[in-house]
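Using the sequences plus the hints, can you model the full thing?
As given, the protein sequences belong to chains A and B, one line each in that order. Here my numbering is used: the first residue of the first sequence is 1, the next is one more, and so on. Here my numbering is used: the first residue of the second sequence is 1, the next is one more, and so on.
For the record, the hints were derived by calculation from the structure and aren't laboratory data. Small disclaimer: the values here were computed from a predicted structure and weren't measured. Don't take every hint at face value.
To give a feel for the contact side, a few chain A residues facing chain B, derived at Cβ under 10 Å [said to hold, decoys possible]: (1) Q5; (2) A202; (3) A204; (4) H205; (5) A229; (6) P233; (7) F237; (8) L240; (9) I245; (10) D258; (11) E261; (12) A277.
Computed beta-carbon distance windows for the label pairs [stated by the list, open to error]: (13) B:E15 / A:F301: 41 to 51 Å; (14) A:G282 / B:D231: 51 to 61 Å; (15) B:R28 / A:A202: 17 to 27 Å; (16) A:V82 / B:R28: 42 to 52 Å; (17) B:Q23 / A:A202: 55 to 65 Å; (18) A:L26 / B:R154: 20 to 30 Å; (19) A:A150 / B:R14: 50 to 60 Å; (20) A:R208 / B:R14: 56 to 66 Å; (21) B:N358 / A:W290: 50 to 60 Å; (22) A:W290 / B:A172: 51 to 61 Å.
Glycine is no exception: its CB is placed at the ideal position from the N, C-alpha and C atoms.
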Amino acid sequence: MTDAQWEVFSYEAVIAAGVLYFLAMLAYLVEWAALRRVASDEVVAEPVAVGAGSAPADAGRTPSLEEGPGRRVAMAGRLGLVLTGFATAVHLAALVGRGLAADPNRVPWGNMYEFTISGTFMVALIFLVGVKLRGVGWMGPIVVTFVLVALMAAFLGLDDAVLPLPDALNSPWLVIHVVAAVISTGAFTIGGILSILYLVKARAHPSRGYLARIPSLDRLDRLSYQMHAFGFPVWTFAVLITGPIWAHQAWGAYWNWDPKEVWAFITWVLYAAYLHARATAGWRGKGAAWLALAALATLWFNFIGINFFSTASQHSYAGEAVPVVAPAEAGSTA
Amino acid sequence: MSEPSRRASELSLRELARWTWRQLTSMRTALVLLLLLALAAIPGSLIPQEDIDSLAVTRWKEAHPELTPIWERLDLFSVYTSVWFSAIYILLMISLVGCILPRLGVYWRALRARPPRAPRNLGRLPESVAYETGESPEVVLERAVEVLRRRRFRVVTDDEAVAAERGYLREAGNLLFHLAVVVVLVGFALGGLFGYKGGVILIQGNGFSNNLTQYDDFAPGSLFDPSDMEDFWFRVKQFDIEWITEGRSAGQAREFNAHLDYRETQGGETRDYDLRVNHPLTIGGTDVFLIGHGYAPVITVRDGNGDVAISGPTVFLPTDQTFASFGVVKAPDAAPGQIGLEGTFYPTFVLDRDAEGNLAMPRSAWGEPLDPLVSLLVYTGDLGLDDGSPSSIYVLDKAAAEPVLKEDGRPLRLDLRPGDSVELPDGLGTVSFDGIERWNKIQISRTPGKLLALGGVVLALVGLLGSLFIRPRRAWVRVRRQDDGSTLVEVARLDRSSGADPEAGARELAEIVDALAGAPQEERS
Ligand code: HEM
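Right, here's the structure in full:
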């Protein structure tokens, strides 16, 4: 295929993935709507965690999914999960196609559109892995909705031509750095969703509906911690090891206090604070959850805000590529 | 009378000191300081910083004359070296060290201590199982030791119980992480104090010796010593660039390559190096980077007497992706009046017309010089170069200069192609555009401590992984012969990490019990 065909293929795959995510979202909605008619102690919180290989989350609740409304509910949930799986696979194809559309072929991380479709893919992938390892299938409706909205926003609002990477981005460190950044962003995003659920549930004391069926506060907190504990070292690797190595090679200084670096550092410090908060009386639970969300806000601000609003950053992917390899400051005097 | 009161105040002073120290090294303080550090880092990302983009700082100051003195007082143009930013991270480091040192001692003792004895009543622990067996207590205990050893627990036994512990490395990882943070900071500080970073724009063919006078801009650390500068020399022989001429990315440039001659010491042998983006040249502890390129139109100004007032390539700074570049030529020695030129160089000049046939703004269609043109406005008068104050070679001071006008009273604009020469009105002289050269922006930096910092973060990461993923836990097995001759076996487990996962814990307990009991036994709880 030619580059142009790959590009079209990639767009079509993004649309197809969007449609699949949408169908998955519908299936999940059916599931959760149907669940409203089933008393909440009849069904485990993880109706879709089939074959999840994890012990039942909260002992005492036993599944009764085999007959009656429970069965239909489980079917819908399973359908949602399978559709999410397909959507994620097509999403991956879109990424690959995007990389092949560039000349020369490259990783699909040249601009905001590409970062967003990569990041949303990672959120979906981490969700699927979480279903397998931790039985978080009940997050399905939220994750799928989030991915769908972000993907469509990228598609409609951020799309940009497939350009070759500027020379500065053409480094193996870019691949490692960005893979790590995208993975940790995905993990932090899922962790953030868990923290939101924790806070909402802690406030609502629900007895019915979605909130009543998701796992207990304790378990939400723990799952959130596990996500963050996974994301934090990866983020450390991305912004404090590979980032500086690459910055050193490309710009001549391993740490420039460039706005992008500053905000990556702020995010890092806040997640370190989150980990501390979990070990500090008075901050455990809600305080920690709020900190995790503050950290997530800085992460997204760094991605969206700095790209759009900062002209000082050498990391601006948003607008035009910088004219020179890096801006030549007119610092000299006559 | 005065005696006791003095002693009391001494006491309270010491108490105060101890209290302060306890506060400073508490987890809560660490948390607050971390939050403060995050907060304090924000302004530097929103306000231009002297060390990063001094031009932007100058512009900002011009645009905000009232705020400037306040901002300057608050060090907001150099946040990351400011007193208040340093104060926060120094406090954090003190807190960190004060927190770690005692924990090192505690850890050292814990390492050598035996796993704590089994509590009296294992059944009270949240994770416990009891079962009965016909085997004798000794056999069960012996097997318990074996099972727990195989699971890599550290084990001690007495007559009726086995106590086991594992996961000691978690605390080691945590300590390593926190110590490594200090190492990183030391490495970072070394670079900031003893290093330097400088830039120079070199016209193709020109050479550079590494000493202070040759830099265009130079930012030394506060303890920088010029005698540390390595004594090398290099010359840009030729600069290559590859323009993408077809496809959707036509017009982009890639594969920048500055072919250098260099000598590591002034008298050393001359070698070649292809300086490319992401491929710095390292000489000793100094790195040389290619970070930019552009055009330098060769412009000659002859004055009214026909003498050459200035001649040579003038660096124009690119303003966009098509390399339309802005620059200034100053001829202060021209007679009868000083001559200043200011304008734009278009590598591939085009002048579009819109639908109504009106002329659009001129632009460059391409970064490559296919149809180069330089378009200059002419000024004369006092260019402000004689009062001794520093002025940028990229800015024309027009405060006391006047535009040279055409006969119709409009400002005179010279549009020159290579080889063109134009006579200025009023006998001011002539301007000719003789050709085009290329320049490279080279950055040179020396950052001592960078490997220390790198080693520090790598260690920190290793420690972090240990701290987050090693689960310290204890296990106990207690046996008791019962009246009916059977043996009651109690097994319990205690997770000590902050991320303890009851599911994994339950699984581990079940596995231990299974291994201990062989076939599943009748369980009592
Ligand atoms: C530069 C400052 C600091 C950073 C970046 C930092 C970072 C971290 C991180 C990422 C963790 C998570 C590892 C884990 O949960 O096991 C952690 C844990 C810990 N930190 Fe710090 N820390 C800093 C300063 C301090 C200070 C000043 C103290 C002393 C009060 C401290 C005490 C602890 C303790 C006790 C833990 C273990 C908490 C637990 O059991 O989970 N840290 N730190």
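What hints, given by number in increasing order, does this structure fail? Numbers 1, 2, 3, 4, 17, 18 and 22 - these are the hints that the structure violates, sorted from lowest upward.
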